[in-house]
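S.K.: All residue numbers for the sequence shown refer to this note's numbering, where the first residue is 55 and numbers rise by one.
Since the hints were made in silico from the structure, they are not lab data. There may be inaccurate statements among the hints.
Claimed, not checked - Restricting the straight-line Cα-Cα distance to at most 30 Å, the calculated cross-link-like pairs of lysine-lysine (DSSO-like) are:
#, residue 1, residue 2
1, K261, K154
2, K223, K261
3, K261, K98
4, K265, K155
5, K58, K265
6, K226, K105
7, K226, K58
8, K223, K58
9, K226, K261
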Amino acid sequence: MVNKENTSPEIKNFKTDIAFLAVGATEQHSFHLPVKTDAFIAEKVCEKAAKEIGAYLLPVMPFGNSIENMDGAGTVTLRPLTLRAVVMDLTESLFRQGYKKIFVFNFHGANFILKPTVREINYEGKYDGKVFFVDAAYGKTVGTNLDLHSGDEETSLMLYLWKKKINLKKVKNCSPVYHRADLDWVGMVGATGGTGCWGFPKAATLKKGKKEFENRVAFVVKEVRRILELNQK
Numbered sequence: 055m056v057n058k059e060n061t062s063p064e065i066k067n068f069k070t071d072i073a074f075l076a077v078g079a080t081e082q083h084s085f086h087l088p089v090k091t092d093a094f095i096a097e098k099v100c101e102k103a104a105k106e107i108g109a110y111l112l113p114v115m116p117f118g119n120s121i122e123n124m125d126g127a128g129t130v131t132l133r134p135l136t137l138r139a140v141v142m143d144l145t146e147s148l149f150r151q152g153y154k155k156i157f158v159f160n161f162h163g164a165n166f167i168l169k170p171t172v173r174e175i176n177y178e179g180k181y182d183g184k185v186f187f188v189d190a191a192y193g194k195t196v197g198t199n200l201d202l203h204s205g206d207e208e209t210s211l212m213l214y215l216w217k218k219k220i221n222l223k224k225v226k227n228c229s230p231v232y233h234r235a236d237l238d239w240v241g242m243v244g245a246t247g248g249t250g251c252w253g254f255p256k257a258a259t260l261k262k263g264k265k266e267f268e269n270r271v272a273f274v275v276k277e278v279r280r281i282l283e284l285n286q287k
């Protein structure tokens with residue numbers, strides 16, 4: 055694996071045509087998690103996965119579509135079409151650098167635009183290579199379907215990855231009466247009674263976070279290998 059810590063000659067001499075681009079978010083994560091939670095988890099998961107695969111790991115894209123969290127301090131967002139344009143520019147740069155297998159990993163649930171963007175790039179067929187989309191924001195093994203944001207899963211992961219940044223004294227559970235689809239018209243903070251948390255962070259443990267992290271890495275590696283095998287046929 056080579057990444058942002060390597061020099062340009064080192065990256066050039068590292069023989070791979072595989073590149074990893076992870077997309078996260080910078081947004082409120084209730085009273086107990088930092089705003090960089092999604093991007094931080096993306097970085098840690100993809101660092102380990104890239105080492106196993108032998109890929110060029112780009113710096114994590116820390117901004118995504120976080121419109122639903124704009125009523126929380128510290129949140130910044132890209133419009134969907136802006137995020138689409140950024141991904142198109144980055145993948146074009148990678149194709150021009152000689153990478154032929156580019157993986158775009160999503161680590162934030164509201165980055166819906168990424169999947170059709172990848173399809174569009176491949177449909178246009180302008181480059182000698184393919185872009186592949188892997189949704190790493192789902193397939194979780196911790197929490198339930200009611201654990202949507204800053205809940206058991208994310209809090210457990212952050213307890214394992216960055217324990218000193220977790221303020222457990224401020225953890226609040228919240229199970230809103232709203233549905234996820236209602237976030238189209240009500241913000242996350244408003245929907246959760248001002249907590250900004252949709253789930254049960256009080257159930258979080260470091261042990262669960264370790265298991266979830268290992269499962270996330272295993273999922274990413276398995277998906278990449280599956281896609282690479284199919285792409286050779």
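S.K.: Each hint: holds or not?
M.R.: Hint check:
Using a Cα cut-off of 30 Å, the hinted pair K261 and K154 is violated, with the two alpha carbons roughly 38 Å apart. Among the hinted pairs, K223 with K261 is consistent with the structure: their alpha-carbon atoms are about 19 Å apart, no more than 30 Å. At roughly 17 Å between alpha-carbon atoms, K261 and K98 fall within 30 Å of each other, so this suggested pair holds. Proximity of K265 to K155 is assessed by CA-CA distance (about 29 Å); at most 30 Å being required, the pair is judged to hold.
The suggested pairing of K58 with K265 holds, with an alpha-carbon distance near 27 Å, which does not exceed 30 Å. Distance check on the hinted pair: K226 and K105 sit about 36 Å apart at the alpha-carbon level, beyond 30 Å; violated. For the proposed pair K226 and K58, the alpha carbon gap of about 37 Å is over 30 Å, so the pair is violated. Proximity of K223 to K58 is assessed by CA-CA distance (about 35 Å); at most 30 Å being required, the pair is judged violated.
A C-alpha spacing of about 20 Å is found between K226 and K261, which places the hinted pair at or below 30 Å, so the restraint holds.
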